[in-house]
Amino acid sequence: MTTIELDFEIKHNDFDRAGSASSGLKNTLKQIGYPPDIIKRIVVSSYEAEMNVVVHASDGHLRAVITPDEVHVTVKDNGPGIENVEMAMKEGYSTAPERIRELGFGAGMGLPNIKKNTDELKVESFVPTGTTVDFIVRRSNG
Amino acid sequence: MKVSQIKEKLNLEYVVQSDNEAVSGYASDLLSVVMGKVKPQSVWLTVQTHKNIVAVAKMADISAIVICDGFSPDDDTVEAAQKENIPILKTDKGVFEIAGMLYESGIR
Numbered sequence: 605m606t607t608i609e610l611d612f613e614i615k616h617n618d619f620d621r622a623g624s625a626s627s628g629l630k631n632t633l634k635q636i637g638y639p640p641d642i643i644k645r646i647v648v649s650s651y652e653a654e655m656n657v658v659v660h661a662s663d664g665h666l667r668a669v670i671t672p673d674e675v676h677v678t679v680k681d682n683g684p685g686i687e688n689v690e691m692a693m694k695e696g697y698s699t700a701p702e703r704i705r706e707l708g709f710g711a712g713m714g715l716p717n718i719k720k721n722t723d724e725l726k727v728e729s730f731v732p733t734g735t736t737v738d739f740i741v742r743r744s745n746g
Numbered sequence: 494m495k496v497s498q499i500k501e502k503l504n505l506e507y508v509v510q511s512d513n514e515a516v517s518g519y520a521s522d523l524l525s526v527v528m529g530k531v532k533p534q535s536v537w538l539t540v541q542t543h544k545n546i547v548a549v550a551k552m553a554d555i556s557a558i559v560i561c562d563g564f565s566p567d568d569d570t571v572e573a574a575q576k577e578n579i580p581i582l583k584t585d586k587g588v589f590e591i592a593g594m595l596y597e598s599g600i601r
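For the protein sequence lines, the chains are A and R, in the order given.
Each number in this note's numbering comes from the position in the first sequence (counting from 1) with 604 added on.
Each number in this note's numbering comes from the position in the second sequence (counting from 1) with 493 added on.
Treat the hints loosely; a few may be bogus.
[Unchecked claim] Estimated spans, in silico, between C-beta atoms of each pair:
1) Lys726(A) with Asn578(R): 33 to 39 angstroms
2) Gln575(R) with Pro701(A): 50 to 56 angstroms
3) Lys694(A) with Lys576(R): 31 to 37 angstroms
4) Asp562(R) with Asn682(A): 35 to 41 angstroms
[Claimed, not checked] Using 30 angstroms as the maximum straight-line C-alpha spacing, the simulated BS3-like pairs for lysine-lysine come out as follows:
5) Lys532(R) with Lys726(A)
6) Lys495(R) with Lys634(A)
7) Lys615(A) with Lys530(R)
8) Lys634(A) with Lys586(R)
9) Lys576(R) with Lys502(R)
10) Lys576(R) with Lys615(A)
If you are wondering where the hints come from, they were derived from the structure by calculation, not from laboratory data.
As the structure is a prediction and not an experimental result, all values here were calculated from the model.
A virtual CB, placed ideally from N, CA and C, is assigned to each residue, including glycine.
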């Protein structure tokens, strides 16, 4: 298998298309025969990162680089950025608006779930220019 | 146990018919909590009805969504589940009661 690069657009506030990037990523990983437990860790993380953009940010992109050994995902948006990344990493801390919470989002588990499921995670955020969530899931560390 | 067997045992109604093997279960309406805690091949009990539950089910390898307490999935939820081949069932019974019945039937 050679390296596969994927690029998906993420639209802010578009709950109809929300999840389509992670869904596409999952289809590809399944096709090329990644193990199901590793796929789950990757796509749960990418879905959380994708939904963070849909709920909190602006338009963005999800890019994935797939090699036989690991999947490297970068989710980047154009703002407004996270005021306090340290707080956002804590379970239960959320700034989601009420109407979003009614849909079951905003549990304050997004970034903590990504942390739990990935081998490497980097969150870089600048107010107001935007956030980059960058993570790697390795196949060997299942 | 097959989802179709669970449907018969618990007298659930198919909204999107498909069959999968189910070995465990989980109940919550907070999507991230579900994705963080659910075991693969689980039956998910919820009262959420919007389309995003299908994405959650797909990402978390959920075997079936059971919408409890008499709620019905939105039309686009049904469409998405058909496309992804994820069974959706519904019931007038509450989450607590369905969870108890599932547990009794051997889904742990």
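Legend entry - Enumerated hints in conflict with the structure, sorted upward: Going through the list in order, the structure violates hints 2, 8 and respects the others.
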